[in-house]
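**Student:** Okay, here's what each chain looks like letter by letter:
2 protein chains.
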Amino acid sequence: MVASAFIAKEHRDAAASSVFAYGSGDRRNRRLDLTGFLIGRRLANREGQGRKITATEGVPAMGLDGLGSSAYGPEAALSIMIPAGALGLQVITPIMAAILVLLALLCFSYWQTIESYPSNGGSYTVAKENLGANAGLLAAAALMIDYVLNVAVGISAGIGALTSAVPQLHPYTLELCLGVLALITLVNLRGTLEAGLIFSIPTYLFVASFGGLLLFGISKAILSGGSPAPIVAPPSLPTATEGVTLWLLLRAFASGCTAMTGVEAVSNGVSAFREPAVKYAHRTLAAIVLILGMLLAAIAYLAQVYHVGAMEQTKPDYQSVLSQLAAAIVGRGFVYFVAIGSLLAILSLSANTSFVDFPRLCRLVATDGYLPRAFAIPGRRLVYSVGILWLAGAAGSLLAVFGGITDRLIPLFAVGAFTAFTLSQTGMASHWLQHPGNRLRLLVNGTGAAGTGAALAVILAAKFMEGAWVVVIAVPCVIILLKTLHRYYEMIDRQLRDEGAIALRGLEPPIAILPLQRWDRLADKAVRYALMLSPDVVAVHLTKLEGPDAEEHVGRLRRQWRNDVELPAQAAAMRPPEMIVSASPYRSFAGRLLKHISEIEERHPGRPVFVIIPEIVKEHWWDYLLLDSSRVRKLRRALLRHGGPNLAVVTVPWAREEPHPEEVIAKEEPQNQAMAITSAQPV
Amino acid sequence: MVASAFIAKEHRDAAASSVFAYGSGDRRNRRLDLTGFLIGRRLANREGQGRKITATEGVPAMGLDGLGSSAYGPEAALSIMIPAGALGLQVITPIMAAILVLLALLCFSYWQTIESYPSNGGSYTVAKENLGANAGLLAAAALMIDYVLNVAVGISAGIGALTSAVPQLHPYTLELCLGVLALITLVNLRGTLEAGLIFSIPTYLFVASFGGLLLFGISKAILSGGSPAPIVAPPSLPTATEGVTLWLLLRAFASGCTAMTGVEAVSNGVSAFREPAVKYAHRTLAAIVLILGMLLAAIAYLAQVYHVGAMEQTKPDYQSVLSQLAAAIVGRGFVYFVAIGSLLAILSLSANTSFVDFPRLCRLVATDGYLPRAFAIPGRRLVYSVGILWLAGAAGSLLAVFGGITDRLIPLFAVGAFTAFTLSQTGMASHWLQHPGNRLRLLVNGTGAAGTGAALAVILAAKFMEGAWVVVIAVPCVIILLKTLHRYYEMIDRQLRDEGAIALRGLEPPIAILPLQRWDRLADKAVRYALMLSPDVVAVHLTKLEGPDAEEHVGRLRRQWRNDVELPAQAAAMRPPEMIVSASPYRSFAGRLLKHISEIEERHPGRPVFVIIPEIVKEHWWDYLLLDSSRVRKLRRALLRHGGPNLAVVTVPWAREEPHPEEVIAKEEPQNQAMAITSAQPV
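One line per chain: the protein sequences are A and B, in this order. Okay, so the first sequence: first residue is 0 according to numbering that gives the first Met the number 0, each after it adds one. Okay, so the second sequence: first residue is 0 according to numbering that gives the first Met the number 0, each after it adds one.
Take these hints with a grain of salt, some might be off.
Identical chains blur together in the list; that is why a pair holds if it fits in one copy or across any two.
In the SDA-like style, the derived pairs of lysine to any residue whose C-alpha atoms are separated by at most 20 Å in a straight line are [unchecked claim]:
1. K617 <-> V631
2. K633 <-> A375
3. K543 <-> R372
4. K633 <-> R586
5. K666 <-> I376
6. K633 <-> Y623
7. K482 <-> A373
8. K633 <-> V616
9. K666 <-> A43
Please keep in mind that the hints were generated in silico from the structure rather than gathered at the bench.
Construct all of the structure, not just a fragment, from the sequences and the given hints.
**Tutor:** Printed below as a string of structure tokens:
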């Protein structure tokens, strides 16, 4: 033990092996593990399969967006029809029928997609594999923007409904939005399974209460021969100011299509499902589409028989269509409040769908080298934490910028989703073209592509001036960003690729250089390490002082160097290390040292240079505050950047407390797993 | 050249010497140097003397606080007398006389202090050297708190006066305060000379305009036989509600003493003056006290003859005493607005005194080891930038917390200054006691100590409940903090002290360990550097994958290792490096590596371990964003902290662009100096 002989404080557990008996529990983890408390313990790779979801958790995890859209889809379509008065309410049937047909088409199409891409059938993969990388990036960019918008709009819609119910909360709109965002983020950082389990309560409550309510309304309507008496009469419909034109119908259709966003979620997230993933994904997709379709149909029918139309949101006595319907069917009693409450809950939680799919999409894109690799690294709970945090950051910024009121973002919605729909369907159609003998399937996906493409065109035309142009600008920007990143990573990869064998001829012995501030144990240890590395050791002392003070200081250092370094080295028959004293008129440090290094390199051309930097190890948070190491950090960075290809930096730590490697392991590999650590296998 | 043979991108200028021809100007500095633009070029040590100030800059740099207090001192005393009505105005003469006597006493005392402590005669030094370390710390803590308060209160008072003149600016109070703070900070970061030069305009404008105005008033008063007719009549004095008691007089005296804060500034900042520093400091002190004394006397006299009393600040028609006086003497014309404008300017700039003295005080305290050493390092402009920034941060936080309205902090004022006064005077008295034969001087400083001590007692008693108790609590807290820091730094110093010679026996050859992710040029370079350091090289590959993917990946890596490393090493007759493959079920990195290092250390007890970490050099800001190195950073930190005393970390840089050491030097040592760089002197 070379070092421990005289560095009294630098201990090492004599029985090094016992240090790793980290199951014994004799050392408590002294620090509060906040991350562990919030997010849960680190999960092992092999726990991954058990963390995956079935249809039961799949519907809440991926269906919140789809089911929640039953609240705003019909409302959006009816809003467009307000100028048409009572007549507008009658044409809702053909519009909703068209939407339901498209929904069914999408369901069949995605059913096939999941089957063909059982590992991951997202629009990005399907478009990339069948239509080329650019189509894939277009789908990815459109979806990414849509996911971010979905989070911001979903949360602010839910909180908006809450604050209109409880006006006292209105001043805290932004805080409430960010609070819900933080909650969803945290739950998703814990894992998709947790998200599915936690959010299943509001989801199934919504389905049960609203489903029951609508069913009760339909039975009442049928029993009364199609003209039921409302318990709370809805406000009378406004008088018509416009006739029903084709353009009005198309716009109503385009608005109603927002009811479909969220249907692609399942196919984008197949990898979240337990094996057999295809089966569970199919079940989840079917459940979501079935519930959504029935809700939409029921709402459209009941709106007609109860004469419930949309109201201007700006009016003070504004009520949503679903609120009017529920009041008309059961009155403003207990059932009404449970139904409306669960609706608000799933609206604000509909952001969850984005949290399940966005990180998975980013992971695929990152694996292809279009995003930083950190997006593809599973976090401590086996979800892609970086993607989750980026989504939360982007949506949080949107909410903050708009003060929690994102109404103006709603027109931007649906463009991304329908772009992805169209690309995915076209990709699948192209897929079937290349695999002949699947005519029916080609027909399904082809019709799907045509239908969603037509819907996209209508949506773009109808909403372009309202704000959809923003998406038309943003999507290419995202694509350019992704491609730039790709070029960057490809360049790095190309530069790093190493085909040949290692070149070992002409390895010259290194020179060790050490910046010397004063003679202390740090310098002592650094000199010893320098002597281990090289017979040629040069210490550089930069003096910032001038005048008599400096001379006294340098004189003392020289005496110490002579007595404590040169003489012992001579006694040990080693070449004594050299010391250079250099005045630094500008108190510069890195530049001066680089200059001396360059001079030394000139004297010994071709020899590698190791710069030895001793560092006091920071053990507590106050060490970081009190031991200023910014100068050492800057020096290290300047040396690495500008020291040339023959320079390496050696950090020699000087610890004041005992090392505890077992703490690092215990933190990274939790103890409560009865899992033997695979022992190292030498080659 | 070992490396450059096949690392195509890692260049090195062949003519290394030409790299340092940095006076030639053939390489423009491509990056915008924002710091240089804001603060100015880096100054050489030997420019320090030329950067120092004379009395001309000394009065604005250090006198703004003192002169500005002429505005609030008399006002504060008169405010206390409001309940006494017209009678209160008459007793202002004895109060002001007492204050002027104390001021003269202080001036003589500090005159002597500067003479005896020509290098630095601050209260901290004087108290420490004559009364012991604790007295010094008490003075330092009191002064530090006072300086921070002075900045916050001065700026908010100035801006408060501005916003009451221009009410439209009122919503931006905090922004304006922080703006002025930023301006003063920036000017002081440029240097004390600049601060003196820039702030001399408002200072001398104030002295000239207000001096002239008061002189004009006095001559009018004398010509009219003591009863001049005011041009704008001041509001009539309120009727008395209380009699004049001794307690009222004492409180008025205590409040009036705020006029004296700022007088200690010169003695605390002697080191800022050019040689002969004592002469310039004396001149500055004399000028400040003389101007201040005359202003105070003139204000007290004119307030009586014009019947100007203080008004309640809460009243809507509130006018300050000086505003009433100026209006009474010259009317609300051009001279009035110039005088009041310059007064507002020096009030908001009175914070400057703190910026000159606080960093110097912190430097002295840091040199004694009671503050982090960064406070004692001169910045690029030879001022103590860390102290300046801390003062700005502390005052900025106070302003932010109080929203830019710091009226409530005014009672806290003056306690710190008078504590420092008393300690400094007592210290000087003790100094003369130890140097007999200076009876007159002992008398001056002794009387000064008694006078300021009495004033301190009155201030504490009069203002304790108003808020001075905060200072009484804060000062001990600061002292405890300073002492804790001292103990910490002493402990570090004790642990680092190295008395004996270096121990060179038993230096065993090191082992090189390198974490291996994949086989690329980074790994290639790392292996070569490892082979330079040690004959025993072990590469550790941690695989996070499991199943067939992992086997394929590991198999390929093993083939590459065999062909590209082992075979060439055998051909070069070297011991082939070993590779260990280890599965990491929890995707952990640092902990795993520490475990393997510990196993290797067990196999080779006592041998030092060098862990080689290759690193892509980050050259542009986007590299920091796109090349995530948080894992490498965490690994490095864990290795240094928990790797034990025999471990060092070697960073092998891999640069994609040419190094430019001359840029570092040009940045740290500006080119526009015709100063030959002292060449290195070998021992």
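**Student:** Provide an ascending list of the numbers of those earlier hints which the structure does not satisfy.
**Tutor:** none
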